[in-house]
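Student: Whole structure, please, built from the sequences with the hints as guidance.
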Amino acid sequence: MKPSGTKSILLSAALLVVVLIAAPLAGSSHIELGRAFAGVSPDHEIFFYARLPRVILALLGGAALSVTGVLFQCMLRDPLAEPYTLGVSSGASVGAVIAICLGWRATGLASLVGAALVLLMVLGMAVEGRRLSSFTLLLTGVTMNSMAFAVILFLHNLASFSQSFAISRWLMGGLEAVEYSTLAWLSVVVVGVSALVMAWAPQWNLLAVGDDWAASRGISTARLTTMGYIAGSVLTGLVTSLTGPIGFVGLIVPHALRLKLGADHRALLPCAFLLGGAFLVVCDTLSRTVIAPTEIPVGVLTALCGGPFFLWLLKSRRRSLWL
Amino acid sequence: MMSFTAKQLGFAYGLYDASFEFPRSGLISIAGPNGAGKSTLLGILAGLRSPYRGSCMFAGREVRQWPKRDFARRVAFLPQSVRLEFPFTAEEVVLMGRTPYASGWFQTAEDRSAAEEAMTITDTLAFRGRDFRTLSGGEAQRVILASALTQRPEALLLDEPATHLDLRHQLSLYRLLGELSKSLLVVAVTHDLNLALQFSNRVMVLEDGRVAGDGMPREVLNPELIAHVFGVQATVHGSDRPWLTYEQTYEA
Numbered sequence: 001m002k003p004s005g006t007k008s009i010l011l012s013a014a015l016l017v018v019v020l021i022a023a024p025l026a027g028s029s030h031i032e033l034g035r036a037f038a039g040v041s042p043d044h045e046i047f048f049y050a051r052l053p054r055v056i057l058a059l060l061g062g063a064a065l066s067v068t069g070v071l072f073q074c075m076l077r078d079p080l081a082e083p084y085t086l087g088v089s090s091g092a093s094v095g096a097v098i099a100i101c102l103g104w105r106a107t108g109l110a111s112l113v114g115a116a117l118v119l120l121m122v123l124g125m126a127v128e129g130r131r132l133s134s135f136t137l138l139l140t141g142v143t144m145n146s147m148a149f150a151v152i153l154f155l156h157n158l159a160s161f162s163q164s165f166a167i168s169r170w171l172m173g174g175l176e177a178v179e180y181s182t183l184a185w186l187s188v189v190v191v192g193v194s195a196l197v198m199a200w201a202p203q204w205n206l207l208a209v210g211d212d213w214a215a216s217r218g219i220s221t222a223r224l225t226t227m228g229y230i231a232g233s234v235l236t237g238l239v240t241s242l243t244g245p246i247g248f249v250g251l252i253v254p255h256a257l258r259l260k261l262g263a264d265h266r267a268l269l270p271c272a273f274l275l276g277g278a279f280l281v282v283c284d285t286l287s288r289t290v291i292a293p294t295e296i297p298v299g300v301l302t303a304l305c306g307g308p309f310f311l312w313l314l315k316s317r318r319r320s321l322w323l
Numbered sequence: 001m002m003s004f005t006a007k008q009l010g011f012a013y014g015l016y017d018a019s020f021e022f023p024r025s026g027l028i029s030i031a032g033p034n035g036a037g038k039s040t041l042l043g044i045l046a047g048l049r050s051p052y053r054g055s056c057m058f059a060g061r062e063v064r065q066w067p068k069r070d071f072a073r074r075v076a077f078l079p080q081s082v083r084l085e086f087p088f089t090a091e092e093v094v095l096m097g098r099t100p101y102a103s104g105w106f107q108t109a110e111d112r113s114a115a116e117e118a119m120t121i122t123d124t125l126a127f128r129g130r131d132f133r134t135l136s137g138g139e140a141q142r143v144i145l146a147s148a149l150t151q152r153p154e155a156l157l158l159d160e161p162a163t164h165l166d167l168r169h170q171l172s173l174y175r176l177l178g179e180l181s182k183s184l185l186v187v188a189v190t191h192d193l194n195l196a197l198q199f200s201n202r203v204m205v206l207e208d209g210r211v212a213g214d215g216m217p218r219e220v221l222n223p224e225l226i227a228h229v230f231g232v233q234a235t236v237h238g239s240d241r242p243w244l245t246y247e248q249t250y251e252a
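Chains as they are written, first to last, in the numbering used here: chain U, 1 to 323; chain L, 1 to 252.
Derived by calculation from the structure, the hints in this document are not laboratory data.
A hint or two may mislead.
Here chain U is said to cover these stretches of chain L; the calculated rule only asks that three of the stretch's residues, wherever they fall, bring their Cβ under 8 Å from a Cβ of chain U [unchecked claim]:
(1) 44-56
(2) 60-71
(3) 77-90
(4) 96-108
Just so we're clear, the structure is a prediction, and the values are computed from it rather than from any experiment.
By construction, the Cβ of each residue, glycine as well, lies at the ideal position given by its N, Cα and C atoms.
Tutor: What follows is the structure in structure tokens.
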């Protein structure tokens, strides 16, 4: 890894810390950190029960989606790949929409089951002997996405007015305060799986060049690829079941980072985790403050904030611009 | 002690009953028409195509039974061309060759000195920091070769290394391969019979998945064999350093 890689990781970590401190303090009602920690009401409740869980969820969600984006683009060797390419989000959406239509309370669980089922079908389709065909994966994922979309449209058409509202809200994706117990297991899984993915960073570098390239340098490509798809799918599936589909993060953060850092996954993956998390925290903070008390769906903001920034980056494609 | 020893080697519908022994040094060219099984054979030698029929040993051990990492320290493979989607620098591509020696996440001083050495040999140091995708065909090919050399291989397998190169680069590449083949085995698939004639110690010609000729370049690459295998009438010129010209298509 180039020395600049270490510097970038440290800078990203510093930026994330700043964002994490600032974000829970921002909001429609003014609170003070000292009063929140002293247990003074309402600062304490607003900080610990309304804002902090949401900030942590945004951090974990953004980190997981960005890491998965880097991983899927590398394994599929397709710059247009993103965490939802394999149909995880459409599976999750179908699950959630069915739950809403049937009046089940456990929307999150239903979406998790939906994501898992679609994923198993896509992976099952792409198994050729002991390896997975990227080509079949891509096409099956795209097909699954459009089939799931058709199912959602159909169910939406049958739904009552209030169900229809709930469906639209879910499909827009959004972050809400969740219980600390949920956050605890989510963070264990997201941090654990991401760390595992980062540990294999040198191997991803070779796989990004080609299967034969990696295999002829001593890497068991079939096993590594399978592990990669499982890791990315677990990350995306869990996050999506809690937040709904949040587009753009997993596509744009990896590309923005590659333009700045180059393609070395040893720098790319840690920075994607840190800055992807920071990016979603910032977007979510904006989404609840810009036109408060009304919220802008966070998916709308990720596209509206990230899009122009990325286009600017693409246009002024010079490395060493800020790192 | 031989490096590769094949007995009745076959693969699916691409290769049948190939038997040969390769020495531990020298430049061996593999020639033949499209679809004759050249790349398949090279892939088997590189440990990338399995399961194969028959036997293919490297250093006394069946290729498919070699632990992948150990094998990659002794045999290096160069694909025909490398197309990258992502902005790796030339030096990063070279350093990937050190993977079979890596023990962790970071490159060691030894990795860097091996890369430095390989880039010196292949004359690629000047653009080490450049995005691989911006390199010319000749530069890219040399970077790929440098990457393979950092594996410190005993055998170097190349799939059509000169195809995308201009004349001058073809010659300098083959001169370099000839130099390397004094201390290690170099096996190169090629379509250019004149390059094979000029630089290699041995030529193996494949036709429809079978070995049609194997031996000294001047003896193997004779007009009869070329007419039979390639369907082209060839004339051999000169005797000290022979070269071939091809005439009209031979109608079988």
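Student: Evaluate each hint against the coordinates.
Tutor: Tested hints:
Beta-carbon proximity to chain U at under 8 Å applies to 3 residues in the stretch 44-56 of chain L; the threshold of 3 is reached and the given coverage holds. Under the rule that three or more residues need a Cβ within less than 8 Å of chain U, the assignment of the stretch 60-71 of chain L holds, with 4 such residues. Note: the stretch 77-90 of chain L has 9 residues with beta-carbon separation from chain U under 8 Å; the three-residue rule is met and the coverage holds. Against chain U, the stretch 96-108 of chain L contributes 8 residues with a C-beta closer than 8 Å to a partner C-beta. That satisfies the three-residue criterion, and the hint holds.
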